[in-house]
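Given next are the chains, with one letter for each unit.
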Amino acid sequence: MSAVGAAANGAGADVRHGRRILIIWVIANVILVPIVIWVVGPHIPPYHASRQSTEQHNVNVVLTALATPVLLMIWVYFGYSIAVFRQRGAEVVDGPPLEGDPRIQITWLVATTAIVLALAVYGTVGLLGSSNGAGGGQGPTPLAKPANAAGALQVQVIGQQWMWTFRWPGYGGVETPYLVLPVNREVEFHVTSIDVAHSFWAYELGVKADAIPGNDNVAFVKPTQVRSFQIRCAELCGLWHGHMNTTGRVVRQAAFNTWIAQARVRYRGVTKQLPPYSHVYYPVPDQRAS
Amino acid sequence: MSTIESTPTTTPTKAPTFREQLVGFHLIWGVVLAAVGYFVCHWLGTKVGGHIDSQSATDQDDLAVFFGFLGATLGWLIGLGFFNYPLSRMLGRPASLVEGEEYGVWRYFRLCTDHKVVAIQYFVAVLFFFGVGGLNAMLIRGELTSDNATFIPAGNYLTLVSLHGTMMLMMMSAGVLGPLGNYLVPLMIGARRMAFPRVESLTLWLTVLAGFVLISAIFLGGFPTGWTGYVPLSVEARAGMDAYLFSFALIGISLCLVGLNIIATVMTMRAPGMYWNRIPVFVWGMLTTSILAVLAAPVLFAALYMAALDRTVETTFFLASNGGSPFLWDNLFWFFGHPEVYILALPGFGIVLEILPVFARKPLWGYRVAVAGMFGVALLSFMVWQHHLFVSGINANLRPFYMFTTELISIPTGIIFLIGMGTLWRARIRFTVPMLFALAFFFNFLIGGLSGVYLSDVPSDVTTHGSYFVMAHFHYTIMGGLVFATIGGFYYWLPKITGYKLDETLGKIHFWMMFIFFNLTFFPLFAAGLLGMPRRVSNYNPSLHALNVFVSISAWCLGLSLLGLLANIVWTQLLVREPAGPNPWLSKSLEWQLPSPVPAYNFERIPVINSAPYSYGIPDAPPVADFGKPAVLPGGPAITPEGGVI
Amino acid sequence: MGILVAAAVVLVAVVFYIADFLSVAPPVLAATTSNGATNLTLQTVASYGHAPDPDWVTYLGRDSDGNWHHTTVYQLPAHTLVHVTIYNFDGASGLRNPFLAQIRGTQGGVASVNGKPVSVIDQDDASHTFTVPDLGISVPLPGVADNAPNQCSVAPCSLSMAHQTIRFSFVTPGPGTYRWQCFVPCAASFYYGFGGPMQTIGWMSGWLNIV
Amino acid sequence: MSASAAPVVPEPEDPRLVAANLVVGARLFASAMAFVFMSFVFAFFYLKAVDSNGMWRPAHVSPPQGYGIAILICILAAAAAFELARRGLASGTGSVSMLALALGLSVAVVVLQLIEYLAGVDFGADGGGYASVFYGWTAMFLAFWLGAVYSVETLLATSMRSAREAQAAGTTIETLRPSADATMVYLYSCAGIAVVTWVLLYLIK
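Keeping their order, the protein sequence lines are chains A, B, C and D.
Residue numbering for the first sequence follows the numbering used here, beginning at 1 and increasing consecutively.
Residue numbering for the second sequence follows the numbering used here, beginning at 291 and increasing consecutively.
Residue numbering for the third sequence follows the numbering used here, beginning at 937 and increasing consecutively.
Residue numbering for the fourth sequence follows the numbering used here, beginning at 1148 and increasing consecutively.
So here's chain A without its partners, still in its complex pose (with noise of 0.2 Å):
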């Protein structure tokens, strides 16, 4: 490797230097860039079990396709540097001394600045446009709606130390241990906690919405796969935080109906003691004395 000769001569050395450094990255783009979409892509979670999660697994391929590059043209440049500019021996020689040069500098910085542009129009549209919010909460006056959100199935998802409740003001405000929620359809999530803090994260289903107290946090998703789905607390919320998890299932219009019927008898005494169905349930900070 003749790193001292091609340092020696300048500008022609900076030639050669990049067009090699060039070329390698060239290379390896068009290796892994493929495998990046094509064979590590599918797997990259979350699943496909909602539209939301869809979009969500789309913006992960997505940003690992955009990343790549970057990753090698980083990796390539030290590496080559590293191994070429190395100076072996005892002797301390001095390098050239190059100043910055100001047209490499704006290059770089109008190249960032679209990058960084264009991933922020791809995530707005995202978020906004096509998922309704990716599945995220949105506070109590959600911007990005469905079209028929009118139509959605409304559930209330209660977060409590520590476990999750859910009410289904759709059919007579009946309180549920469990979730299920019928396929194919537009489901509003309420999301709110009657303590501290939780945040309910559906996994598969890619909503996550955190639940606090006083607030009625809002999410969209619109499942498509007949299946179960972990549901999980990602917020610290004390002792169990780790043990808030429980199993949803997503089922047929027809297997719905029975079950939330099923439930409405089963629950039928209970029910009559909940307060009437709200947004928000202020818990009170009593101090029982014993």
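Keep in mind that the hints are not guaranteed to be accurate.
Think about it this way: if two alpha-carbon atoms lie no more than 30 Å apart in a straight line, the pair counts; the simulated DSS-like pairs of lysine-lysine are [what the hints assert, rightly or not]:
#1 D/1195 with D/1352
#2 C/1052 with A/272
#3 D/1195 with A/145
Rough simulated footprint, nothing fancy, chain C against chain B, three-plus residues with beta-carbon under 8 Å [what the hints assert, rightly or not]:
#4 419–432
#5 441–450
#6 520–526
Calculated directly from the structure, the hints in this document are not laboratory data.
These figures come from a predicted structure and were not determined experimentally.
Virtual Cβ for every residue (Gly too), placed ideally from N, Cα, C.
For this one, chain A is given, so just place chains B, C and D on it according to the hints.
Leaving out everything else, chains B, C and D in the frame of chain A:
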């Protein structure tokens, strides 16, 4: 302002007798008075707070606990001698800037105004608490070898996680500003002292106290909230929470004062000829970090103060049922919290950009652009805090804006990479241990930064938020970035501080172990997060068991690798002690032109600066500074109007 | 540099204490068996009455010799019908989420309160619950009337004092470790009544080790 | 370990250096203090806007106007008196009386605030969002104000001593000016915050 000072009387005082040293103010009295103060004031607090409902239960007397901590702080500072000077000033005695520098080895155990002594105290303190936090991490990985809470009881596991996170965040934010900043900034700008020597010492001893107050949380039942201390969980938690609030508030004060001190020093105390465009880039890193610290830490302090009031005197800042809002804490905390993570990044930038030119034997490629990048990061970091709250349901309609500003930060960060790459171009790279750590910084920070793009993109963040993906991301930026850079800087500057070089071979073994096992530890955790593992859980989906066992094992190897650093320190600094000479790295920076270790007064005469310290390879470049010039009053040009002070 | 040595010593001491603190766990209490039937007998007391936390509300378990133990980690055999008896000596404080007034997951979906089978109680009468979310088991415990004579305040309480007796049975699943807890905000002097004992294993939260 | 240097006696520092240190430090500290109270301003408007559970400010919660005015006037008067004292220092004539007046006024602020807590306020800290902000904010301001009291007292004591013993080691009217300037920066920032405090906590309904 506890620092109203006037012209110093710098007449060197004679060394005190042993008796004077024994009865004088030092750490021993600090510890004793702190203990006394805690119990006296705790008793006082029980008397004061007795009538408040929430304080009625004998085992949940938060007001008394806070009183106790205040008393402990008071006693600690009295014992260390921090009140002597203010009191003498209140009696109208003349001002002085020198205290405790004549005490021989006792300097290290008391209030001392020599910035080099304070820096070494900082080194020891930060290493110590870094060790505590690190061993916590080892225990956490031990617990996570099982997919159900068995090894450690669930509640104690949360305390463990919280201790680890809070300890690391607190100590790493002081981890560079304190030791390297205090030691190097005056040397690099040609000054004899920091602007406020007593404040400098105060910040150190507050940091030490904060660390022990935090550890004391486990005496009070621990706290379950992690380092973010989210309300209302932190309001309902046990008294251990008070330790978190109090110690973090102490760190907030300390951080703010460190930053204030460094900014004032750089602005006013530069040597003649040290113009703004000749300041070493490390000092720029310290300066931007200090700006963040001065402006962000007060907000944290206010938030912690509100939480403390909620816990003690029943205010309702954060209780939704009584006119408060949990989002108030989220906003205030993250308004501090996001600049905080750049307080943990900018020093790394400064260190690696300072190390690269020395071992690439080339000038820094684009000095002004690098500085601009640092300021860009500092500025933007105040505009992104709600990206921590994308799915929390707060201001959801602002999410596109915060997504945009968050992604904007990758532009100035990219500039830092560009400068590093430009500096390596056609360089004559020598792979010393500091250089290896600097290069590893770019490797790790690149992965950390790119994973940050996923988190900044809301649709992707919906899955990754609050999962192990986030955890891996910020460990790549903070540990892979700041800690690698700091250890590199430690290898680089320790010869200047102690006069003895660390062993290169041992250092390389340490580096490769640390580098490999760091990546083996944290890269799989990206997958764990994407596969649905939330943060801060002691039990997880059994399908992730093998992954977690693998991570635990490599995490323990990572911990072992840090023992290599410890062994290196003991071997070279205590046993072998080969003098390194004034400039072992052949650096052109100002501090390396001084003898090592640096003499008490840094410069016999204040030097006159000729150029920026990166003139490698420039034929007939002048020496960086003239030391022999006839006496020039220090700071001459720096405090004229164009110096930018008034 | 002797400072480093001193620091190392303190470090070891601190870590030793942390490890010691983190390894404390309440003892495991096995269910008793009498002529074929597996029984788990518990009591709930408004205030434990002993150090370190005399004011804390707590569960206690009874061993085969009839002695009460201050623990909430209970060991049950797998795939067996377990008869649980809970003597509640605490007053009512009401549920935050009234849904927990529903009895779920027991044999026949009922529990007997002082011999009378019920499937749902009045949420204002709830004093505590015995809930195993992962097994779908939840039984609310009605509280002792505030004006009842001869109330108990220090554990362990004797059955001669005012109490409610709740009995129910359930079939244990396969081996595993399942968490259980109380859902009534009953922790005195903590905001939301959910700090302290509610978040400490050995008081109002614990494990069912099914072997 | 850094004590092994040739015992050189460095040339004395330029007094302008300390002056610059103090003024810059005072400005930075004032900006940090401003951010502390910015958090309270944010809390005020945020909780006011959220009005969670309708408990931002129940009807019976209203601060004692008299105390508010009195405290504000004392603070402004203290600042004014200190300004006169500082002018005196600048013109070389010590002005112990003005400094004493400023000190008295600033101590009066502390006393008034404590009396307000004990006797003036008729709502508790748990009286909703506004009550929380009121107590938290005023108490925090009191803490910062004690710093101002300390600064003024220090200046007074120093100038009295230097007036008493003409050459109290190295202390002259000259060398007091940096301290006076720094104290001015801090005192004025406190006064500004006090005005904001009064407008938000007492004036706005």
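Going down the list of hints, with the structure as the test:
1. Straight-line distance between C-alpha atoms of residue 1195 of chain D and residue 1352 of chain D comes to about 11 Å, which keeps the hinted pair within the 30 Å bound.
2. A distance of roughly 21 Å separates the Cα atoms of residue 1052 of chain C and residue 272 of chain A; the hinted pair therefore holds under the 30 Å criterion.
3. Straight-line distance between C-alpha atoms of residue 1195 of chain D and residue 145 of chain A comes to about 29 Å, which keeps the hinted pair within the 30 Å bound.
4. Using a Cβ-Cβ cut-off of 8 Å, 5 residues of the region 419–432 of chain B lie near chain C, which meets the minimum of three, so the contact claim holds.
5. Counting residues of the region 441–450 of chain B whose beta-carbon sits less than 8 Å from any beta-carbon of chain C gives 8, enough to reach three: the coverage restraint holds.
6. For a cut-off of 8 Å, the count of residues in the region 520–526 of chain B with a CB near a CB of chain C stands at 3, and the three-residue condition holds.
Hint check: no violations occur; every hint is consistent with the structure.
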